[in-house]
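Colleague: Heads up: the sequence shown begins at 1 in full-length UniProt numbering, then just goes up one per residue.
No lab work stands behind these hints, which were simulated from the structure alone.
These numbers were taken from a predicted model, which means no experiment stands behind them.
Watch out, some of these pointers could steer you wrong.
Have a look at the derived ranges for each label pair, beta carbon to beta carbon [stated by the list, open to error]:
{"id": "1", "residue 1": "Ala167", "residue 2": "Pro133", "range": "14 to 24 Å"}
{"id": "2", "residue 1": "Leu159", "residue 2": "Thr7", "range": "15 to 25 Å"}
{"id": "3", "residue 1": "Ala160", "residue 2": "Asp56", "range": "14 to 24 Å"}
{"id": "4", "residue 1": "Gly152", "residue 2": "Ala198", "range": "25 to 35 Å"}
{"id": "5", "residue 1": "Glu25", "residue 2": "His130", "range": "17 to 27 Å"}
{"id": "6", "residue 1": "Pro33", "residue 2": "Ala167", "range": "34 to 44 Å"}
{"id": "7", "residue 1": "Thr119", "residue 2": "Asp195", "range": "17 to 27 Å"}
{"id": "8", "residue 1": "Gly197", "residue 2": "Thr156", "range": "22 to 32 Å"}
{"id": "9", "residue 1": "Ala40", "residue 2": "Glu163", "range": "29 to 39 Å"}
{"id": "10", "residue 1": "Ala198", "residue 2": "Arg151", "range": "23 to 33 Å"}
{"id": "11", "residue 1": "Ser222", "residue 2": "Asp147", "range": "33 to 43 Å"}
Each residue gets a CB set at the ideal place from its N, CA and C atoms; glycine is no exception.
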Amino acid sequence: MQIRTATDQDVPAMARLVLAALANERPWSTIVPPRLAAQAQSVAFAADMLASLIHDASVLVVLLELSERESPSRQGPLLVSVSVWDLAYLSPFGQSSCYTAAVAAAKLSSATCCDALATLLTTCYTGSMHRLPQRRLYLALVATLPDFGRRGFGRTLVLAGLEMAMAQAKLHHVSIGVQAGPTAYILFSGLGFRDVGAVDLARDAASADDGPYVKTMVLDHSRQRQSKDRRPDCFLLRRLSNAWS
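Could you put the whole structure together from the sequences, leaning on the hints where they help?
Modeller: As C-alpha cells, then:
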C-alpha cells in the first residue's frame with residue numbers, strides 16, 4: 001500500500017473513482033445518481049477539475065494505492081482512495097481553488113451532469129463557510145472505491161493526508177473542516193471531529209426541509225501526539241459502523 005500525491009497520469013482513474021463513490025452513497029447519490037455518474041460528460045468534468053487542482057499550490061491531492069500484489073486483479077497498482085485538501089483558507093484572504101475550479105469547469109459545458117456536479121460542490125462550500133473557523137484546512141473530498149469501503153482505507157488516507165497538508169503549510173496546530181454523509185460522519189466522529197450543523201443540498205428551496213443534507217464537522221488538530229481522550233476509539237468506531245450497515 002502506498003500513499004502519495006497525485007500526478008496527471010492519475011486523473012482518469014481519480015475521476016471515475018470519485019463519481020463511483022458519489023453515486024454509491026446517499027445523500028450524494030440523490031444529486032449524482034449512477035446513471036449520471038457513468039456519463040462520459042460527467043467523467044470529463046470531474047477529470048478537468050481534478051487536473052486543474054493537481055497543479056494548484058493551494059491544493060493537495062493525496063492518493064492511497066494498492067500495489068499489484070495487493071490488488072485483487074493483480075493487473076497493476078489499483079487506486080483505492082482519493083483525498084483533496086484545500087489550503088486556501090489558511091490565508092486571511094485566501095480564495096478556494098476547489099470552489100473556483102468547479103464553477104470554471106461548469107461554465108465550459110451546458111450539460112446537465114456538469115450543472116449537477118457544480119451545484120453540489122458550490123452548495124457545500126457556500127453552506128458551510130459561516131460554520132467553520134476563518135483560518136482552517138478544508139478537506140474538500142475523500143472518496144473510496146465502493147468495493148473497498150469499510151476497510152479502513154479512508155481513515156488511513158485522511159490521517160496521512162492531514163499530516164502531509166500540515167507539513168506542506170508548515171503548521172503545528174490547525175482547525176480542519178469537512179462535510180460528511182452518514183458513513184463519513186461515523187469515521188470523522190471517531191477521529192474526534194465535532195458536529196457544527198447541517199447543510200441542505202436541495203436545489204429547490206421549497207423542498208429544503210425534506211431534502212438531502214450533510215453535516216459540517218470541525219477538528220482542532222496538533223501535529224504533536226494526540227492526548228488519550230482524543231485518540232479514536234477503534235472498538236466504538238467498529239460498533240457504529242456495524243450498526244449503521
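Colleague: Now tell me, hint by hint, if it's right for this structure.
Modeller: Taking the hints in turn, this is what the structure says about them:
Range check, alanine 167 to proline 133: about 20 Å between beta-carbon atoms, so the 14 to 24 Å window is met. Against the hinted window of 15 to 25 Å, the Cβ-Cβ separation of leucine 159 and threonine 7 comes to about 22 Å, which satisfies the hint. Under the hint 14 to 24 Å, the C-beta atoms of alanine 160 and aspartate 56, about 20 Å apart, fit the expected range. Hint check: glycine 152 to alanine 198, Cβ distance near 27 Å, so the stated range 25 to 35 Å holds.
About 26 Å separates the C-beta atoms of glutamate 25 and histidine 130, a value consistent with the hinted range of 17 to 27 Å. At roughly 38 Å, the beta carbons of proline 33 and alanine 167 sit within the given window of 34 to 44 Å. With their beta carbons about 24 Å apart, threonine 119 and aspartate 195 fall inside the hinted range of 17 to 27 Å. Judged by the Cβ atoms, the range 22 to 32 Å given for glycine 197 and threonine 156 holds: they are separated by roughly 28 Å.
One distance hint, 29 to 39 Å for the beta-carbon pair alanine 40 and glutamate 163, holds here, with the actual separation near 36 Å. Remark: the range hint 23 to 33 Å for alanine 198 to arginine 151 is upheld by a beta-carbon distance near 28 Å. About 35 Å separates the C-beta atoms of serine 222 and aspartate 147, a value consistent with the hinted range of 33 to 43 Å.
Going down the numbered hints, you'll see the structure goes against none, and every one checks out.
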